[in-house]
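Novice: One letter stands for each residue in the lines below.
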Amino acid sequence: MVFDWQYALDILPDLLRGFWVTIQATFLGMTAALILGLGWAILRRSAIRIMATMTAWVVEFIRSTPLLVQLYFLFFVLPDFGVTLSPFLTGVVGLGLHYSTYTSEVYRAGIEGVPKGQWEAAMALNMSRFHTWKAIILPQAIPPVIPALGNYLIAMFKDTPLLAAITVMELLQTAKLSGAETFRYLEPLTLVGLLFLVISLLSSRLVRKLEARFAQT
Amino acid sequence: MPPPFDLLPPLLSGLAVTAGLTVGGIIVAAVAAFTAGLAQLSRHWYLRVISIVYIDLFRGTSALVQLFWAYFALPMLGVELSAMATGIWVLGLNIGAYGAEVVRGAIQAVPQEQREAAVALNFTPRQTLWRIIIPQAVPAMLPPFGNLLIELLKSTALVSMITLSELTFQGQMLRASTLRSAEIFALVLVLYFLLAQIIAFIIRRLERKFAVGR
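Sequences listed follow chains A and B, in order.
The numbering used here puts the first residue of the first sequence at 104, with every later residue one more than the last.
The numbering used here puts the first residue of the second sequence at -7, with every later residue one more than the last.
What the hints contain is simulated information worked out from the structure, not anything from laboratory work.
Using N, Cα and C, we set each Cβ at its ideal position, and we do this for glycine too.
Treat the hints with care, since some could be wrong.
What the hints assert, rightly or not - Only part of the chain B face toward chain A is listed, based on derived beta-carbon distances under 7 Å:
1. 56
2. 60
3. 146
4. 149
5. 160
6. 180
7. 181
Stated by the list, open to error - Just a sample of chain B residues kept apart from chain A, beta carbon distances all over 10 Å, derived:
8. 130
9. 131
10. 136
11. 165
Stated by the list, open to error - Stretches of chain B that chain A covers, calculated by requiring three or more beta carbons in the stretch to come under 8 Å of a beta carbon on chain A:
12. 65 to 77
13. 168 to 179
14. 185 to 199
Excised from the complex, chain B in its bound form (with noise of 0.2 Å):
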């Protein structure tokens, strides 16, 4: 292959680690969000001051910071985990931090009628939620999402510091290798710009699809 993709293959391995990365950190991220966009509008105080602290705690410090204590610090408390294990629970939780204001933003815009609406046919509180209140609100939350979405496959490159072989890790490697930093970073960039558009065009479907009917 032509310079500069002869450097391909070795930073294509790193990618699959990257792909790997996000898709574990998204379902964390959405679990995540779910559970405390809902848990901020519960009627029980405990419920809401737990996503409350758990909110401010992952949206107060940064992403590296929460990387390097749960990597470094936690062992010390008596939890062990992998790399990839680290990087997958921690950027999720930490997208779902940010995640979880978007949900309550998106459940608290559904008109208050259509609660209303439920309360009149008897529907009980958990129909309501999902079948009333939670169709309506998701088109809502696709757009932010989808910038949480690609947030999250760019703080992946952060694991590399805790010595993860994604695509960032792998760059350096060649970089300390061949010295060819120029090409190995804009393919680098390169690469993490075309994932970050599939992400894009994917939400971009959603959206499409949820707006029919509208």
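Next comes chain A alone, as it looks inside the complex (with noise of 0.2 Å):
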């Protein structure tokens, strides 16, 4: 059987709606795993050694255990504790929470990179640990690590695709859908693959512009 090019055509339209909701699952996933991440690694510097320890351990749970199983959990356990989501929502929050830490491990690199001498210089003018966190460690911390906050956006938007697990209608749901009309399996997962591809690579081209704009000197 040959690669037919009609059909193919013929239902690119739809995989691009599909595609649309890809995107916008990255996005908001991605807003969603950026702000978490932030708060886990915070978290696990807080002064309450217990809530640094246990923060140590969801974050290592969560990122050791599969998002599949995790999109799972949100999308059959929440309802039974009166928690509605549509698919959709469950899947961004699935895919911010997974992510979050990754986010999480990368924000601390960034953070244990600040030299020690500016707690302490903070600590001396008496500034509070909020503003310590807001005026002088955040602005040094994550400049120099936006490039691999980009490197977890690329990974990220590659298991948007998981959310066809859940009935999200995004670009391989999608094609499963044509495939599954048509018999034909062969153009629209080849489509799918091809889409992901180039925007993979050209987001990956981008994280390396960016490496050489923030990188250390």
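Both chains are given apart, each in its own frame, so use the hints to dock them into the complex.
Specialist: See below:
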């Protein structure tokens, strides 16, 4: 069986619509991951010992278990507790939560890169802990790790097809449905692969540019 | 057994399949990572091109898309694989593509003087690679390999979507018959976590072993 170009062209509009959902999920998920990850990283440096230890365990647990199972957990278990989210929103929460554990490690590296003297200086100036984080530590910790965060944005983008498992009509799910209608999977799935390949290659080039820009001297 | 442990026996049969997938995937990934990593440093341009195409192809698309493509689209091109074989090959090649960059980086990090010394001692290129370069590069590869192996373990869950009855699939089946979603998925997550800890433990042991004498 050969590649049917006419069929590929016919399903392209549908696939692009699914692709738009993929992009939206990526950006919403990334926003959640960036905020939540920063929260984990700060909590991990909490002065309350048990808080720091517990955060470390939670992050380790989420990091070393599969996103797919976490999505199922959210999708099937939350309604039992009276929380009903749309599949799309469940997916965004799952992606955000999973990737927040990766971004938190990135933030941690950035925070540990800030010299200890900066903390001591802030303390000597009688700055509050909140003010120290906001005005001294984070402005120095975050710019150097932006390229690493960008890499996780690409990784998350490549994980959004998992949302198909919880019935979100993103790119892969759309392709699967076109395939199921016509029994031709070659064209839709190949197009999906190509779309991912193009965006991933372009965005990794962008991250390399960011790296050059934020390169530490 | 008291709940939720009465759910364990059916899950454990899935766990065995997950372990099989992981071990098979690790073997494919290790071979692919070394082959592609070394090919990237080859003197022959066509070997470099082939390895770069392989690495970009597998890193640029997502593991789930690759699984679907191999399972549903590949048969249309005349290649038919079982779900288990698809899982082992796709996940192994996927992680191997990431591993290739680790191998390349670690080999490039071996000091140039080591190569010069090998030349001075009249070692053949093959001897230089296997006796001088690789033994020194391996310790640097271990920590990132550990992370990749845990990624591989986690991605075995995706194979449930092409109906292989591994751990996640068994969890889904149990959910359909008992509706005890919270207990089932919590148990499944804990089982994956334990497997990941086993991998982390083995890698730490290897790191300590290779660190001796340095």
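Novice: Could you run down the list of hints and mark each one as holding or not?
Specialist: Going down the list of hints, with the structure as the test:
no. : hint       : result
1   : 56         : 5 Å, holds
2   : 60         : 6 Å, holds
3   : 146        : 4 Å, holds
4   : 149        : 4 Å, holds
5   : 160        : 6 Å, holds
6   : 180        : 5 Å, holds
7   : 181        : 5 Å, holds
8   : 130        : 24 Å, holds
9   : 131        : 21 Å, holds
10  : 136        : 13 Å, holds
11  : 165        : 12 Å, holds
12  : 65 to 77   : holds (count 3)
13  : 168 to 179 : holds (count 4)
14  : 185 to 199 : holds (count 4)
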